[in-house]
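The task is simple: from the sequences and hints, build the whole structure.
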Amino acid sequence: MKKIMFNDKFSLTQAVLEGRKTMTRRIIKCPRTFRGEWVAGFNIHRSPSDKKIVGFPCMYDADEREFDMGEILPKYELGEVVAIAQSYQDIDNYYYAALRRKTSIHGQIIDELDLVDIHDIIKWKSLRDDLMNTPGWTNKMFVKADLMPRHIEITGIKVERLQDISDEDYMKEGIEEHLKGIQYGFPSNIGYIGQYPFSNPREAFSALIDKVSGKGTWECNPFVWAYEFKLID
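At position 172 of the sequence shown the residue is numbered 172 (the working numbering), and the sequence of numbers has no breaks.
Just so you know, the hints here were simulated from the structure itself, not pulled from any lab data.
Check before you lean on any hint, since a few could be wrong.
With a Cα cut of at most 25 Å, we get these calculated DSS-like pairs of lysine-lysine [said to hold, decoys possible]:
#1 K51 <-> K158
#2 K29 <-> K180
#3 K158 <-> K211
#4 K3 <-> K125
#5 K2 <-> K52
#6 K75 <-> K230
#7 K211 <-> K75
#8 K125 <-> K158
#9 K2 <-> K125
#10 K144 <-> K75
#11 K3 <-> K75
#12 K75 <-> K172
#13 K125 <-> K144
#14 K29 <-> K52
#15 K29 <-> K3
#16 K158 <-> K29
#17 K3 <-> K211
#18 K3 <-> K230
#19 K75 <-> K215
#20 K51 <-> K211
#21 K123 <-> K3
#22 K158 <-> K3
#23 K2 <-> K29
#24 K215 <-> K9
#25 K123 <-> K158
#26 K172 <-> K29
#27 K29 <-> K123
#28 K75 <-> K29
#29 K9 <-> K123
#30 K144 <-> K3
#31 K158 <-> K75
#32 K2 <-> K230
#33 K144 <-> K9
#34 K172 <-> K158
#35 K172 <-> K215
Following this line, the structure appears as structure tokens:
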């Protein structure tokens, strides 16, 4: 199983876990070489009739000849179940909260903590001490996908320019409407002061992508994989 990481500084992992973010865009990158030959770049193919992008990007050589079988494939496939990367410490806090909930008597399902299987909690407790001494305890780059408790399923994949994002997709990317029709923003882990209010969702998303992917990313307008997904647990 693969894992996927979302930015924590701007609370995007939490937005995914709460079902408020159901899309992510990742810049398309091609390898330096393919079958021993230097890769000069990639082509995007469009339908002659409606100019819509079709298929996947195809790499080409220094003479601009496309490589046979040189398609760049997305990291995640349609229908694939992917683990949401979280530090082991965050997962420990999650299971601890679930255990506390299960030891209280309320008699009804309130949120996802009530749905955590007690056997998963017991299994986690058996692993906890060893995991505390690994880099993954505080850094989710080093965690194992099969130990992650939360997952998404990829429900859609498309190729497009970053700036071609639709009005509907802004909100799927986790942009929030603070005041209906006049103020938009995105969360951060430093409270309201870090939510960066904007007058429209496009401004909010362009600012967010520059903070997550690096200053100037929006202006460069790269081709991206636009993944749509649903939270499954």
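Verification of the supplied hints:
no., hint, verdict
1, K51 <-> K158, "14 Å, holds"
2, K29 <-> K180, "37 Å, violated"
3, K158 <-> K211, "23 Å, holds"
4, K3 <-> K125, "22 Å, holds"
5, K2 <-> K52, "30 Å, violated"
6, K75 <-> K230, "17 Å, holds"
7, K211 <-> K75, "22 Å, holds"
8, K125 <-> K158, "40 Å, violated"
9, K2 <-> K125, "23 Å, holds"
10, K144 <-> K75, "17 Å, holds"
11, K3 <-> K75, "10 Å, holds"
12, K75 <-> K172, "20 Å, holds"
13, K125 <-> K144, "16 Å, holds"
14, K29 <-> K52, "20 Å, holds"
15, K29 <-> K3, "18 Å, holds"
16, K158 <-> K29, "15 Å, holds"
17, K3 <-> K211, "22 Å, holds"
18, K3 <-> K230, "15 Å, holds"
19, K75 <-> K215, "24 Å, holds"
20, K51 <-> K211, "31 Å, violated"
21, K123 <-> K3, "20 Å, holds"
22, K158 <-> K3, "20 Å, holds"
23, K2 <-> K29, "18 Å, holds"
24, K215 <-> K9, "15 Å, holds"
25, K123 <-> K158, "38 Å, violated"
26, K172 <-> K29, "23 Å, holds"
27, K29 <-> K123, "38 Å, violated"
28, K75 <-> K29, "11 Å, holds"
29, K9 <-> K123, "30 Å, violated"
30, K144 <-> K3, "8 Å, holds"
31, K158 <-> K75, "12 Å, holds"
32, K2 <-> K230, "16 Å, holds"
33, K144 <-> K9, "21 Å, holds"
34, K172 <-> K158, "14 Å, holds"
35, K172 <-> K215, "22 Å, holds"
Comparing the model with each earlier hint shows violations of hints 2, 5, 8, 20, 25, 27, 29; every other hint is respected.
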